Amino acid sequence: MTPPRAADPAAPAVVPEATRDPGSFRDPSGFVFWRDGRPYRQIQSRFATEWDAFAGSPLERRLIERGRLLPYEPAPLELAQGAGAHAVIAPERIDFVSYPYEWTFGELKDAALLTLDAELDALADGWTLRDASAFNVQFRDGRPVLIDSLSFEPHEEGVPWVAYRQFCEHFLAPLALMARVDVRFGNLLRTEIDGIPLDLAARLLPSRTRLNFGLLSHVHLHARSQRRHAANEDEGVAARGARIARSRLIGLIGNLRSTVKGLDWTPAGTEWSDYADHTSYGDAATASKARLVEAFVREVAGSRAWDLGANTGRYSRIAADAGKRVLAFDIDPAAAEQHYRALKGAGRTDILPLVQDVANPSPGLGWAGRERRSLLERADPDVILALALVHHLAISRNVPLPMLLGLFADLAPWAVVEFVPREDPMVRRLLAARRDVFDDYTIDGFRAAAAGRFEIAREEPIAESPRTLFLLRRR
Amino acid sequence: MPELAYIDPGSGSLIIQGAIASIVAVVVFFRGQIARLIPGRRQDEESTTTSTSSSTASSVDDAAKGG
Chain A
1442 MTPPRAADPA APAVVPEATR DPGSFRDPSG FVFWRDGRPY RQIQSRFATE
1492 WDAFAGSPLE RRLIERGRLL PYEPAPLELA QGAGAHAVIA PERIDFVSYP
1542 YEWTFGELKD AALLTLDAEL DALADGWTLR DASAFNVQFR DGRPVLIDSL
1592 SFEPHEEGVP WVAYRQFCEH FLAPLALMAR VDVRFGNLLR TEIDGIPLDL
1642 AARLLPSRTR LNFGLLSHVH LHARSQRRHA ANEDEGVAAR GARIARSRLI
1692 GLIGNLRSTV KGLDWTPAGT EWSDYADHTS YGDAATASKA RLVEAFVREV
1742 AGSRAWDLGA NTGRYSRIAA DAGKRVLAFD IDPAAAEQHY RALKGAGRTD
1792 ILPLVQDVAN PSPGLGWAGR ERRSLLERAD PDVILALALV HHLAISRNVP
1842 LPMLLGLFAD LAPWAVVEFV PREDPMVRRL LAARRDVFDD YTIDGFRAAA
1892 AGRFEIAREE PIAESPRTLF LLRRR
Chain B
1255 MPELAYIDPG SGSLIIQGAI ASIVAVVVFF RGQIARLIPG RRQDEESTTT
1305 STSSSTASSV DDAAKGG
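One line per chain: the protein sequences are A and B, in this order.
Just add 1441 to wherever you are in the first sequence, counting from 1, and you've got my numbering.
Just add 1254 to wherever you are in the second sequence, counting from 1, and you've got my numbering.
Hints are all accurate, no fakes.
Computed spacing ranges between beta-carbons, pair by pair:
1. B:V1280 to A:E1735: 56 to 62 Å
2. B:R1290 to A:R1534: 50 to 56 Å
3. A:R1534 to B:G1286: 45 to 51 Å
4. A:S1837 to B:A1273: 46 to 52 Å
5. B:D1262 to A:E1533: 28 to 34 Å
Keep in mind the hints are simulated off the structure, nothing from the lab.
Note that the coordinates shown come from a computational prediction; the quantities given were computed from them, not determined experimentally.
Every residue, glycine too, gets a C-beta built ideally from N, C-alpha and C.
One chain only, chain A, in its complex shape:
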């Protein structure tokens, strides 16, 4: 392999360099590459027969019409990277690539149902999904969609579902743990990027989950079967001979679907979900803050906003109404879930809630730490909102203000930041049971910290409250 040449500014414009997506290497049938800032998917010759049968098929049309599969345009074969190319397609661009460990319970559940619905569509037409990875699902306009057009292959009558194990590990096990043990088990997907091993899920789930036929079968007995038939050559040969009639397989997927559908979790009782109702604000202060946020957001060009500490999304909606597409991050899975349900109920497509701890954002994961990109690597907002957030990070998490504002400046050229001073009841509550070691936590300290990376474009007091709203522009 030749090393890439250094760009020569005097050289004439050359064909833009294409880069292979570092997260797309597991399936030899094809891969994703990027060129000119847009994604392409290359189909290799080994998958030519399957691809030619699928592309343009009634199944593909139906999946796309139903919003289950990402649409694409054919692309010129000359764009192909390396040898063995059969075709190149240009899939519709996804605004923001999110990962399963960032989704709310409802988002993971909807992604699971989408996967099963696609498998049922496929089986009805004599096709099947060759994989059921949660990373094959992305959120587009607030709804999940399968992004990998290469996931479908003709189903041979009698053959079991190759992706059954992957589905159970990527979707069913985490959903069961979140619904039946603790929603924070969603975090386990960060370490187990190939899905939660079923023996682990079976050990963690309470024994009463054995009374649910679906969980008994697809998790507990499934885990036992895996243990009993642990890889050795004879077992492998026997497994290759396993047979199941397609009608039975459809029944199995249907049961898996109702098992997933039956897993429910009510977002209540976690840290912040009722926070919006317990703020120290009166109506006048809330209205004043809403007006200022809207005005500040409207002063910023560009369409992408990240609302950090979005809670259930009051200000995300204000930013969205002001024309931004919003990613609404919150550390609390209950608040994010409530937000997701409200948006889904209202049919809103311009806001996506995600679970994220600003003090410990998603790292790079997987092969070479680059297979799943870190949050900061994916950051491209035009503006961030940090409302009623700074005191939580500065005091509860001991993050010095200059570091805090440094992160904001790394994320976006503009920031709308609310400063909540020490005399605010919320800050007094945070300091109630601990020693106040935050000498620099003053509005002057905030201005000084901001000055390191930003200029203060606007500074307005929030009416009938001790708080101040800043609009900061990166230097």
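Guided by the hints, dock chain B onto chain A, whose structure is given.
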């Protein structure tokens, strides 16, 4: 096994599918028969063995609680 499978389907995961699917088929069949015997009861489109067994599970729980 399909030629182009690239993930490890897992021996135990392939083998167990037939067994689970058979139970599902039997339960669905008998529920259909029972539903036919109960006049005026319409079969719910979404319901499958899971809802049956989870209601069994909850009645077990209720019994345990003395409810």
